[in-house]
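In the order they appear, the protein sequences are chains Z and U. Okay, so the first sequence: first residue is 1 according to the working numbering, each after it adds one. Okay, so the second sequence: first residue is 243 according to the working numbering, each after it adds one.
In case anyone wonders, no lab produced these hints; they're calculated from the structure. Watch out, some of these pointers could steer you wrong.
As a list, the in silico DSSO-like pairs of lysine-lysine whose alpha-carbon atoms are at most 27 Å apart [as the list claims (entries may be wrong)]:
#  : chain 1 : residue 1 : chain 2 : residue 2
1  : U       : Lys464    : Z       : Lys55
2  : Z       : Lys159    : Z       : Lys55
3  : Z       : Lys75     : Z       : Lys216
4  : Z       : Lys109    : Z       : Lys159
5  : U       : Lys360    : Z       : Lys72
6  : Z       : Lys216    : Z       : Lys6
7  : Z       : Lys216    : Z       : Lys18
8  : U       : Lys360    : Z       : Lys75
9  : Z       : Lys18     : Z       : Lys109
10 : Z       : Lys6      : Z       : Lys204
11 : Z       : Lys109    : U       : Lys360
12 : Z       : Lys72     : Z       : Lys109
13 : Z       : Lys18     : Z       : Lys72
14 : Z       : Lys159    : Z       : Lys216
15 : Z       : Lys159    : Z       : Lys204
16 : Z       : Lys18     : U       : Lys360
17 : Z       : Lys75     : Z       : Lys6
18 : U       : Lys360    : Z       : Lys55
19 : U       : Lys360    : U       : Lys296
20 : Z       : Lys72     : Z       : Lys159
21 : U       : Lys296    : Z       : Lys159
Taking beta-carbon pairs under 7 Å as the criterion, some of the chain U residues facing chain Z (in silico) [as the list claims (entries may be wrong)]:
#  : residue
22 : Asp330
23 : Gly370
24 : Thr376
25 : Trp378
26 : Arg461
Label-pair restraints from in silico Cβ distances [claimed, not checked]:
#  : chain 1 : residue 1 : chain 2 : residue 2 : range
27 : U       : Thr309    : Z       : Ser13     : 47 to 55 Å
28 : U       : Lys360    : Z       : Gly65     : 27 to 35 Å
29 : Z       : Ser60     : U       : Tyr302    : 44 to 52 Å
30 : Z       : Ala77     : U       : Thr279    : 31 to 39 Å
31 : U       : Ile272    : Z       : Gly142    : 43 to 51 Å
32 : U       : Arg373    : Z       : Asn227    : 42 to 50 Å
Quick reminder that beta carbons are idealized off the backbone N, C-alpha and C, glycines included.
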Amino acid sequence: MSAVVKLTDVHKSFGPLKVLNGVSFEVGRGEVVAMIGQSGSGKSTALRCINALEKIEQGSIEVCGHAIHGEKLDKRALRLDVGIVFQSYNLFPHLTAEQNIMLAPTCVKGIGRREARELARDCLNRVGLADKAGHYPEQLSGGQQQRVAIARSLAMQPKVMLFDEVTSALDPQLTGEVLRVMEDLARGGMTMILVTHEMGFARKVATHVIYMRQGKVWEVLPGHRLNDPDTPELREFIGSDL
Amino acid sequence: MTYQFEFSSLLPYWREFLDGVWLTLQLSAISTVLGFTGGALCAIARADGPPWLKRVVGAYVEVIRNTPLLVQVFLVYFGIAVLGIRVDANLAAVLALVVNVVAYTCEIMRAGIESVHKAQVEAAECLGLNRRQTYWHVILRPAIERVYPALVSQYVLLMLASSITSQISAEELTAVANRIQSDTFRSFETYIVVGLLYLALSFVVRWAFWGFGMLVFTRRRKLGTAL
Chain Z
1 MSAVVKLTDV HKSFGPLKVL NGVSFEVGRG EVVAMIGQSG SGKSTALRCI
51 NALEKIEQGS IEVCGHAIHG EKLDKRALRL DVGIVFQSYN LFPHLTAEQN
101 IMLAPTCVKG IGRREARELA RDCLNRVGLA DKAGHYPEQL SGGQQQRVAI
151 ARSLAMQPKV MLFDEVTSAL DPQLTGEVLR VMEDLARGGM TMILVTHEMG
201 FARKVATHVI YMRQGKVWEV LPGHRLNDPD TPELREFIGS DL
Chain U
243 MTYQFEFSSL LPYWREFLDG VWLTLQLSAI STVLGFTGGA LCAIARADGP
293 PWLKRVVGAY VEVIRNTPLL VQVFLVYFGI AVLGIRVDAN LAAVLALVVN
343 VVAYTCEIMR AGIESVHKAQ VEAAECLGLN RRQTYWHVIL RPAIERVYPA
393 LVSQYVLLML ASSITSQISA EELTAVANRI QSDTFRSFET YIVVGLLYLA
443 LSFVVRWAFW GFGMLVFTRR RKLGTAL
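One chain only, chain Z, in its complex shape (with noise of 0.2 Å):
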């Protein structure tokens, strides 16, 4: 199987700090990979990374068949490839649910106002929230925002789907609602790259596991196997999540 996202030793500082110190791992389509480990151990910069988002100064980071570390990276193309979700949802406020869903598929694919409401019900439909389409994000719930916030990114029909912490920001309840919206996408073949606290959706959804540490990868692991762990530090890290 050919890899959606490859990366290979990829190196990241902010200043002194280094970030990504030698990072690698690959991404199969269809597959679901869960980062997790402390915060600081580069998981996010790792996952902005592959979108562009951040800089790399060394190593390689191929995403659909674009090379992000290129000199030539066509952006927007890179950008019709992947979607990202952020844990501050960051939905634009003057916009209503459908809007906020049409904007994209309207500006950039150049579709027309009727297709694109059509395009915006449907996703929202997928995310369970087809009754919200004329309200406003204040008027929604953290979860709910969210979940408009990848029906936003679905619409766009991306090839990879990146998750920023998305629930990081929600009570246990709404939480729930939202995972359980990315377990669908899961199962619908969606290829996945998601930075998550939520030890037991890990468990349950991701194909792999990557424990990032110190900036490197330091563990890889299938789903299943979490609670079994090799290396000492990963077994603290778990242990540590009862």
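Fit chain U to the given chain Z structure using the hints.
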């Protein structure tokens, strides 16, 4: 007080008062549209332009904000004459007002643009929007909505300040008043009438801006948030 008010001698001049009101409205409307467009562009240049352009715009804004409008009006008026271009007083008045209001709009819009969180721009980029689309849909529209009350105050002030262009004989309301009072010698009455007319104009302008805001900012309308 023995002053005898005598408004009736102003009655024959009602048409001229109206003409003055009309020209004041025209001057203000044109200056507002041009001033907003120019100001928004300056704000973008100041937020996101090359360093030299940031400095040029910054210097322009500081000069305008720290000199009197009357002096600016004279400088534009006589400056144009020195260049050997003949323009009528009304056009010179519009030019001077635009030069002034662009600077103030630039500062207001800059505050609006800065209030849009960086993460919003990142989200737009990640959806594939280009810079122009991001600016229009994700930065400017919410920014304008946020600073709209400040913009409205500025443009009401502009309408009132347009009275200064009477000094270069633009035929707006104050210039009309100056002529009428020297014809009738009823100075106090004339300026009472003019003051009331400006007051009415302010209400009309504010009301028009409110209506426009309600039309454009659908979120405010739907959620019932005040403008």
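Consistency of the hints with the structure:
With a CA separation close to 42 Å, the supplied pair Lys464/U and Lys55/Z exceeds the 27 Å bound. Between the alpha carbons of Lys159/Z and Lys55/Z the distance comes to roughly 22 Å, so the proposed pair stays at or under 27 Å and holds. This hinted pair checks out: Lys75/Z and Lys216/Z have alpha carbons roughly 26 Å apart, not beyond 27 Å. For the given pair, Lys109/Z sits about 16 Å from Lys159/Z by alpha-carbon distance, which is consistent with the 27 Å threshold.
Between Lys360/U and Lys72/Z the alpha-carbon distance is near 25 Å, which keeps this suggested pair within the 27 Å criterion. Proposed proximity of Lys216/Z and Lys6/Z is supported: the alpha carbons are some 15 Å apart, at most 27 Å. For a cut-off of 27 Å, the pair hint linking Lys216/Z to Lys18/Z stands: about 10 Å separates their Cα positions. For the hint linking Lys360/U to Lys75/Z, the alpha-carbon distance of about 18 Å falls within 27 Å, and the restraint holds.
The straight-line distance between the Cα atoms of Lys18/Z and Lys109/Z is roughly 38 Å, outside the 27 Å bound, and the hint therefore fails. Restraint check: the Cα-Cα separation between Lys6/Z and Lys204/Z comes to about 24 Å, which is no more than 27 Å; the hinted pair holds. At roughly 24 Å between alpha-carbon atoms, Lys109/Z and Lys360/U fall within 27 Å of each other, so this suggested pair holds. The straight-line distance between the Cα atoms of Lys72/Z and Lys109/Z is roughly 22 Å, inside the 27 Å bound, and the hint therefore holds.
Distance hint between Lys18/Z and Lys72/Z is fulfilled; the C-alpha atoms sit about 26 Å from each other, no more than 27 Å. With a CA separation close to 26 Å, the supplied pair Lys159/Z and Lys216/Z stays within the 27 Å bound. A C-alpha spacing of about 22 Å is found between Lys159/Z and Lys204/Z, which places the hinted pair at or below 27 Å, so the restraint holds. Simply put, Lys18/Z and Lys360/U have alpha-carbon atoms about 24 Å apart, close enough for the 27 Å limit, and the pair holds.
About 17 Å separates the Cα atoms of Lys75/Z and Lys6/Z, which keeps this hinted pair within 27 Å; it holds. A C-alpha spacing of about 17 Å is found between Lys360/U and Lys55/Z, which places the hinted pair at or below 27 Å, so the restraint holds. A threshold of 27 Å between alpha carbons decides the hint, and for Lys360/U with Lys296/U the separation of about 20 Å falls inside it, so the pair holds. Annotation: proposed proximity of Lys72/Z to Lys159/Z holds, straight-line Cα distance about 21 Å (limit 27 Å).
Distance restraint check for Lys296/U and Lys159/Z: the Cα-Cα separation of roughly 40 Å exceeds the 27 Å cut-off, and the hinted pair is therefore not satisfied. Checking Asp330/U against chain Z: minimum C-beta separation of about 42 Å lies over 7 Å; hint violated. Interface hint status for Gly370/U: upheld, as the beta-carbon distance to the closest one in chain Z is roughly 4 Å, under 7 Å. Taking 7 Å as the C-beta cut-off, the interface hint given for Thr376/U is violated, the closest approach to chain Z being about 9 Å.
At a threshold of 7 Å, the smallest CB-CB gap from Trp378/U to chain Z is about 9 Å, leaving the interface hint violated. For the restraint placing Arg461/U at the interface with chain Z, the shortest Cβ-Cβ distance is roughly 5 Å, inside the 7 Å limit, so the hint holds. For the pair Thr309/U and Ser13/Z, the supplied restraint of 47 to 55 Å holds, since their beta-carbon distance comes to about 48 Å. At roughly 29 Å, the beta-carbon separation of Lys360/U and Gly65/Z lies within the given 27 to 35 Å, and the hint holds.
Hint check: Ser60/Z to Tyr302/U, Cβ distance near 46 Å, so the stated range 44 to 52 Å holds. With their beta carbons about 33 Å apart, Ala77/Z and Thr279/U fall inside the hinted range of 31 to 39 Å. Checking the proposed 43 to 51 Å range against Ile272/U and Gly142/Z shows it holds: the Cβ atoms sit about 46 Å from each other. Judged by the Cβ atoms, the range 42 to 50 Å given for Arg373/U and Asn227/Z holds: they are separated by roughly 48 Å.
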